[in-house]
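Participant: Protein chains in written order, with this note's numbering: chain B, 14 to 345; chain A, 1014 to 1375.
These are calculated hints, taken from the structure and not from any lab test.
Glycine is no exception: its CB is placed at the ideal position from the N, C-alpha and C atoms.
Just so you know, not all the hints are guaranteed correct.
[To be verified] From chain A, some residues computed to sit far from chain B (all C-beta separations above 10 angstroms):
hint	residue
1	V1056
2	K1092
3	W1195
4	V1213
5	L1215
6	A1216
7	M1230
8	R1253
9	L1266
10	W1286
11	R1295
12	S1311
[Unchecked claim] Some but not every residue of chain A turned toward chain B, in silico, with C-beta under 10 angstroms:
hint	residue
13	G1045
14	G1081
15	L1113
16	W1146
17	R1257
18	N1283
19	N1287
20	T1289
21	R1290
22	E1293
23	Q1348
24	A1349
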Amino acid sequence: MLHASYFDGHSAQIRSVDLSVSGDDLIIAGEGIERRVPISEVIVDEQLGRAARRLRLKDGTFCEVRDLPALAALLSSTTHRDGRVDQLQRRLGSVLLSLAACIVLAAVGYRFGLPWAAAFVAERLPPAVAGVLSAQVLRALDNGLLTPSRIAPQRRRALEAEFRALRVPDGTAPSTLLFRGSPQLKANAFTLPDGTIVVLDDLVTTLGDDGQILAVMAHELGHAHERHGLQLLLRSSAVGAFLAFYLGDISHLLAVAPAAVIQARYSQTLEWQADEYGAALLRRNGMSPQLLADALKKLVAFHGGSAQAGYLSSHPATTERVRHLEQLVAAH
Amino acid sequence: MEDIARVDTPPPSSTAVPQPLRFIGTGTEYFGIWIVNLLLTIVTLGVYSAWAKVRRLQYFYRHTELAGSSFDFHGSAVKILIGRILALAMLLLYNFSVRLHSLFTLVVIAMLAIVMPWLLRNSFRFRLYNASWRGIRFHFRGSVGGAYRVFLLNGFLTLITLYIMAPFMHQRVKAYQHGNSWFGQTRFSFHARVGQFYLVYLALLAAIVAFVVVLGMAGVGSAFMTLFQVQQHGGHVDPRVVIRAVVILYAGLILLGVSIGPAFSAVVTNLIWNNTRLGEHRIECAISPLRLIWITVSNLVLVVLTLGFFIPWAMVRINRYRLESIRLVPAGDLQAFIAAESEAVGAIGEETAAVFDFDISL
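Chain A with its partners taken away, still in its complex shape (with noise of 0.2 angstroms):
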């Protein structure tokens, strides 16, 4: 008698149009958990950090919906503690050979590069495999042959070019990454052109030369303007005039420092995100760079104020900006996604991956 499955007719807001992603969480909701994670974490000496970890993440995806229904995050915390434990170890031994100046810092460096990739590669595995909608996991699929190619031959190519060709490697590591991926039985694919992130790159770079220019002819502009007066009418250069020319100045460079990161990062996912579908369903993505940098900028401010108890609401600012500028454009019936076979994946180039601090959620 039981699992005769009968298909209900899909309701009508799941094809053809768009389906936005949708963040239902709250800062003051998220509070709760994140303080009891922090407490228990000092308490344990930093163990209970792994299962804080599923917590957390387990609170982001379950208040992530699409089409009504919400993500998983599957994670087990003994994995992610192991992970963790190894990735301290790898970090200890590099930082000591860092200082140590011998044969043995290229040694163990020389093993990094070698082992990253494929820890990458397994962060990819670990991630997706434990992420899931409606039941169906996703999986990534990449081979450790491609990781080696990817991130090895086009970093050293990237390293030997002084980055000039940090856009093409961009773009063959999201190709690898999203190329591979996989939402049960249906391929995500990813139509990015290398042309198309030297585009971008270039942009933002043009907009930081722009804001620098504007900046230092409006520093030189006053600097003639208090000489001129100066000359006009005699007397001495007013210090606070000074002061005030070198304030804006420094609060320029300040705003440009921390502005480049979210206006990077929003433009590259716009460009991410138009380029990746799910079979034959398109994903739009439009993140406004001013929006990010807003958010951004008023976070740092606030947790900063608050001594990090702004973090929760921070976090969730920040996650529901980003998500809900995503959305899912339906080719065909969203209830026709099937589960693949399923396949068991460790933890552990994931955690290594956090701490050498590769950002692999761009």
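The following block holds chain B by itself, in its conformation from the complex (with noise of 0.2 angstroms):
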């Protein structure tokens, strides 16, 4: 026998009455009350921490129990059991394993599944989409970041005739060359998710040689080519959402916040990438990748090992690039 209130889903009377199990059948008994239902028509309700139970009867009434391990003990007579999900949000060690489970899947998915996919997604998404969010993002540094060019216009179409005739494997789009002036990022160059490459006029002061500056916008083709712009904002967008879906139910602020913390950073992988194809590239054009290195070289001297020098903090580990580029030239 069982106590429970049962309600006609009519009114809000509460009438008390007792449960019991006969067989296949579940005996609901009380004043007024006589029903007698095969338990494979009731539907009862999941085991929330310590919320009543409620047993659903097809007619829209229903029965509250209070007395959870007494109802667990009578529903353990029939033939009902409980939902997966039901027992693994009861059980400790499930609980455990789901945390330990979240924790690696989110580390593994942030560091392999994450990548994956964004350079996936940016090679299939239509180029009108890079375009469009190329355009905002250029539009969004030359109100903040970036200043008009002061390099002498003929300069700048020397250097612009000179990268027009790099001669790029089939299939690369042609790249945008836009000049830019910028006291904070100072000796810097980075392409934007369309494949449009921007050269800060410091850069072009510090390396002064002609075949420099080409290597540099040769690894910055490399970004072009295999669409990192457009990967790491997939990356960063995709973080973002997590964090909103992850966070949203505490609070609004908070979930935005890391949004705009996490900066779109080049990862090692992607600046060898990069790196590779400059190389390519370069000896393509009867160049050779030691250009680069020597460029590599003069930035990290220009900028002279300070953290806050973008073009190095973006690009870790410099000095071991160049040794890898050292190697390639030594290996032809």
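Take the two lone chains, each set in its own frame, and fit them into one complex as the hints suggest.
Facilitator: In structure tokens, the structure reads:
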């Protein structure tokens, strides 16, 4: 015998009943109520914490049971079995296992799944999307970090002519070259999601040598070819969306903050990819990859290893990259 | 032999004595549900999130009790999933069009403005229709025309008056929402006047101004003190004093930033529920702004420190405080409520409204 409250679904009246099981039937008995229902027709709510469980009948009436252990005992003598998720969320072992699985999945997903998915999507996204995104990024940068270039127009035209003359492997979309100044970003160059390459004034003046400037452009063409800009944008969007989902329940403020803090950083792997592409491109055009190595060395010297320097902080382990490029030169 | 109703004599506790809402859930219990939800959502790349939402709402509804009986949530996960997919599509379209800066942007924004009142009305309907107490469902019966008047017309008025009419709009939204809500065949009514909303908004504005003035005076005062000391005793300004002043100023501004939301929520929620009635039954709500600020801020700190794993406890804490601040003052027998004819309701509005971040729960 198990005590329960009986509700008819039409009024808020509580009626006190006793539940019992006889064969395959649930028996509900109380003042003026005498029902016998096959247990297979009763929908039993899952056990959520210490909330009262409801046994629902097809006609909208239900019994509310507070004594959870007694109900579990009653149900165990029937054909009813609790759902899988229901059991998962109740047992300490499976809860701890879920916790561990969440942490492992998040780490693996971030380390491997995210880069793979970003590369997969970036390759298949229509160029128009990248164009719109790039125009917006450039507009934002032009209103903030970037200033018009102060390099003489003749010099810019000469560099652009050399850039245009580079023979690029088939299948690579032609990149637009832009010159800008930036007191904050200093000697730097970067690639927008649609492959547009932005070269900053300080990079041109610091390197001076056309071959080395062209080597940096070749490296940036590597980023454009592999669609790295788009990949990074997709990665940070995915991280932002996950955080919004993860933290959105508790605070919209918290959910937005990390997305703003997490910046699209070039990862080591992407840099190596761009270096390899740049080296191959230089060689294809009859130039030595040593030019890129020299350019990197000059930039290290220029920034003096200060942590604020944009090119170096976003391009980690520069000395290792120089060594790798020089190995490529030596191998030939 | 079935269902011959015999009315029990109502227990004395259900009449005349105020009935507080009680929340009996705990963070530790909810953690189990939350983490399994999280795992299944990650594994299914987000598809399970609709089922996760049903479990979450069921957990919170079923652990909320009034007069010894708990609430229940009946929403279907499939309907929520369809709503979410539609909402996601709308969000992507909106984000893409906003970046485009062209005529298309205006077309999309106009389209959203036109469907949004209808979606919000649907969201009220879904939320209420799927809530029940003692087997009796809630209902929302606001008209579509009413939704357009309240959200589109008043929203437009609020915008062109530079938000001076925001308290007016807020009152109209709540009057539409609460005035058209039903519990079974018993209707809710809303009695707060526009003037009361203006008073609450002005009081909050005054509190913010007072806080900023005090903070500014403390900063200016300490600067004068330092200058005065330097003049009297010679020497130069101790950099530590300057750093301390700057830290105090920043800490004060951050505290203000995180406090405005909960403080506003506390006073407005009190105003709204204290002026809402269910039939002849009154509702009382006494959320303390300071207490709500404390719970919100300490929750934020703990969630950040634990990389999010405190979330279940944080949600239980804030829900318990908010719910247990509300009580029903019955004017008669709580067993006398009667259910209405049922009608099925979809989830599309609710999910779209959630993605576009309208706070409709206040």
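Participant: All hints, please: hold or fail.
Facilitator: Against the structure, the hints come out as follows:
Separation of V1056 (chain A) from chain B is inadequate, the least Cβ-Cβ distance of about 7 angstroms not exceeding the 10 angstroms criterion. With a least beta-carbon separation of about 18 angstroms from chain B, K1092 (chain A) lies farther than 10 angstroms from that chain, consistent with its non-interface assignment. The claim that W1195 (chain A) lies off the interface holds: its Cβ sits roughly 14 angstroms from the closest Cβ of chain B, which is beyond the 10 angstroms cut-off. For V1213 (chain A), the non-interface assignment is confirmed: its Cβ lies about 22 angstroms from the closest Cβ of chain B, beyond the 10 angstroms cut-off.
Residue-level check passed: L1215 (chain A) sits 25 angstroms from the nearest beta carbon of chain B, beyond 10 angstroms. Every CB of chain B is more than 10 angstroms from the CB of A1216 (chain A) (nearest about 23 angstroms), matching its label as outside the interface. The non-interface label for M1230 (chain A) is consistent with chain B: the shortest C-beta to C-beta separation is roughly 28 angstroms, beyond 10 angstroms. At roughly 25 angstroms, the least C-beta separation between R1253 (chain A) and chain B is larger than 10 angstroms, which holds for a residue marked as non-interface.
The non-interface label for L1266 (chain A) is consistent with chain B: the shortest C-beta to C-beta separation is roughly 14 angstroms, beyond 10 angstroms. For W1286 (chain A), the condition that its CB be more than 10 angstroms from all CB atoms of chain B holds, with the nearest at approximately 21 angstroms. With 10 angstroms as the threshold on Cβ separation, the claim that R1295 (chain A) sits away from chain B holds: the shortest Cβ distance comes to roughly 18 angstroms. Distance check on S1311 (chain A): its Cβ is at least 12 angstroms (rounded) from any Cβ of chain B, clearing the 10 angstroms threshold; non-interface status holds.
Residue-level restraint check for G1045 (chain A) holds (minimum Cβ-Cβ distance to chain B is 4 angstroms; threshold 10 angstroms). About 8 angstroms separates the beta-carbon of G1081 (chain A) from the nearest beta-carbon of chain B, less than 10 angstroms, and the hint is met. With a least beta-carbon distance of about 6 angstroms to chain B, the hint placing L1113 (chain A) at the interface is held under the 10 angstroms criterion. Given hint, W1146 (chain A) at the interface with chain B, holds; its Cβ is 7 angstroms from that chain's nearest Cβ, closer than 10 angstroms.
The beta carbon of R1257 (chain A) comes no nearer than 26 angstroms to any beta carbon in chain B, farther than 10 angstroms, and the hint placing it at the interface is violated. The restraint placing N1283 (chain A) at the interface with chain B is violated, with a minimum CB-CB distance near 21 angstroms, outside the 10 angstroms limit. Of the supplied interface hints, the one on N1287 (chain A) is violated, with its beta-carbon coming no nearer than about 24 angstroms to a beta-carbon of chain B, more than 10 angstroms. Contact between T1289 (chain A) and chain B, as hinted, is not supported at the beta carbon level, the nearest pair being about 19 angstroms apart and thus beyond 10 angstroms.
Using the Cβ-Cβ criterion of 10 angstroms, the hint placing R1290 (chain A) at the interface with chain B is not satisfied: the shortest such distance is roughly 17 angstroms. Among the interface hints, the one on E1293 (chain A) is violated; its C-beta lies about 15 angstroms from the nearest C-beta in chain B, farther than the 10 angstroms criterion. Residue-level restraint check for Q1348 (chain A) holds (minimum Cβ-Cβ distance to chain B is 5 angstroms; threshold 10 angstroms). With a least beta-carbon distance of about 7 angstroms to chain B, the hint placing A1349 (chain A) at the interface is held under the 10 angstroms criterion.
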